[in-house]
Amino acid sequence: MSEWTAIGALAVIAVLIPLSMMFASWLIRPSVPEQGKRATYESGEIPTGNTYQIRFNIQYYMIALLFVVFDVETIFIIPWTVIFEDAVETVGLVDAFLPMIVFVGTLVIALAWAWRKGAVQWTKSPRAERQRME
Amino acid sequence: MTLPVTVEGYLPFDGAAGEVVAALIAATLVSVIIMANAAVAGPWAKRKITAAFTDRIAVSKIGPMGLGYIIVDSVRLLSKELIVPEGVDRPAWDLAPLVLASSAILGFAVIPMGNGIHLADPEVGLALVFATASIASLGLVMAGYASNNKYSFLGGLRAVAQNLAYEIPLLLVGFSVVLFSGSLQMSEIVAVQSQTLVSLGPVSIPAWFAFLNPFAFLLFMIANLAEVGRNPFDLPEAGQEIVAGFQTEYSSVYFVLLYLGEFIHIFLGGAIIATIFLGGPAGPVLPGFIWFLIKIWALFLFTQWCRSIVPRVRIDQLIQIGWKGLLVLAFANLFVTAGIVGVLAA
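Chains as they are written, first to last, in our numbering: chain W, 447 to 580; chain Z, 16 to 361.
Among the hints, a few may not be true.
As the list claims (entries may be wrong) - With a Cα cut of at most 20 Å, we get these calculated PhoX-like pairs of lysine-lysine:
hint : chain 1 : residue 1 : chain 2 : residue 2
1    : Z       : K76       : Z       : K63
2    : W       : K563      : Z       : K339
3    : Z       : K95       : W       : K483
What the hints assert, rightly or not - Covered stretches of chain Z (chain W as the covering partner; in silico rule of three or more C-beta atoms under 8 Å from a C-beta of chain W):
hint : stretch
4    : 33-45
5    : 114-122
6    : 176-189
7    : 196-203
8    : 260-271
9    : 327-336
Simulated from the structure, these hints should not be mistaken for laboratory data. From a predicted model like this one, the values you see are computed outputs, not experimental measurements. Beta carbons: idealized from backbone N, C-alpha and C, even for Gly.
Could you put the whole structure together from the sequences, leaning on the hints where they help?
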């Protein structure tokens, strides 16, 4: 019995459950094709402009960039945690621990640099600052 | 022995067909358990808990203690009209609820629930459960982007920022327990925790990782609250600020699926905590499955408790807590744990 057969089976069931709910709902729900209610919800106001053109804070980009770095790093940490105890017994504490300290240390220095540059801090846009002065 | 193997023993035929049928039957059983928990939690337990915190009675008219609302509300929500707002990005808008609900159910594939209810036990179990749990972020982004609604868009962006900030501490703390167990296999992690930590006369305290490393347990609980998006980290929804965030434009069955996904996600978070910190289904006197239910419901109660009593953090505070606080503490936890384990092993 392969473990992945069971996981695949649950994946199939996990998709079938929402699909069957959608089907059940499609059977019993009413359809009133009136167009007024289809307007985008903007707290009762008439919607203005397009959502896909609104400008948002570049902050989110910096955080995503940092995330990629640390997420890749986590992938390297996972196998290290698995073999760590055995590695200490075979090659000793220093040889098992020191390379990871150097590797993570490099990235922690990078985090400190990003921290100093204000990448992990919420910055206000110059325009918002100006508007506050006025 | 995992559940499909047990089921296969009862089947009149074996071979490849028997394997697939057994796997499907076992997967259905596990899904039924998950769906039953979510059904009790969503329309009933959540309301009752919130009502108890705010000194109200809440659902009480239909059935004993209002339990009939589970059926009544399911029918009510499913029979509502599905309103498709103008300008939605159609395939993505329809897929988002599906992605959220499906990924949350899939996470339970490797969770040991006691009494042999354990669907699969691959060697990469812990990595798999974190991987499937984080697919939900994708669903949130799809829902936020495809709705063509400014509140949804902001909610989707917040969801990304939040999940990115708390995913790394969650993983680092989660994998710090692997230093003790030396394996990603769920059954192995649970087995290591069943050893005795200290004996106090007749009572022996098991070596649950929450007792071995309470600091990691605390960090994981905080990061998990952010991961499931409950107070103080419920910014993606934030009722008072952005209406309902990414789910503003969803109605009818899609609304049900979004909420179903969220509730199963809370239970999945609870199940991960129960497995890697609270000894999985282990416990005295009662059968393992009952203990598993007690643990995930206790952790569900904890999220609802936080939801009722803790104020929401601001988005700038969220980023600072995540990147400056939790991430640094998670690294410290990983290295201090590794140091202790290494010195003990050397």
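Coverage assertion for the stretch 327-336 of chain Z with respect to chain W, Cβ distance below 8 Å, three residues required: holds (count 4)
Coverage of the stretch 196-203 of chain Z by chain W, judged on three or more residues with CB within 8 Å: holds (count 3)
Chain W over the stretch 176-189 of chain Z, status - at least 3 residues with CB closer than 8 Å: holds (count 7)
Restraint status (C-alpha distance of K76/Z to K63/Z at most 20 Å): Measuring from Cα to Cα gives roughly 13 Å; hence the hint holds.
Coverage criterion applied to the stretch 33-45 of chain Z (partner chain W; beta-carbon cut 8 Å; 3 residues): Per the Cβ count (9), the hint holds.
Straight-line alpha-carbon gap K95/Z to K483/W, limit 20 Å: holds, 14 Å
Given coverage of the stretch 114-122 of chain Z by chain W, tested with a Cβ cutoff of 8 Å and a minimum of 3 residues: Check passed, 5 qualifying residues.
Satisfaction of hint between K339/Z and K563/W, Cα-Cα up to 20 Å: Status holds; Cα separation ~13 Å.
Given coverage of the stretch 260-271 of chain Z by chain W, checked by CB-CB distance under 8 Å (3 or more): Our answer is that it holds, as 5 residues pass the Cβ test (under 8 Å) against chain W, meeting three.
Hint compliance for this structure: no hint is broken.
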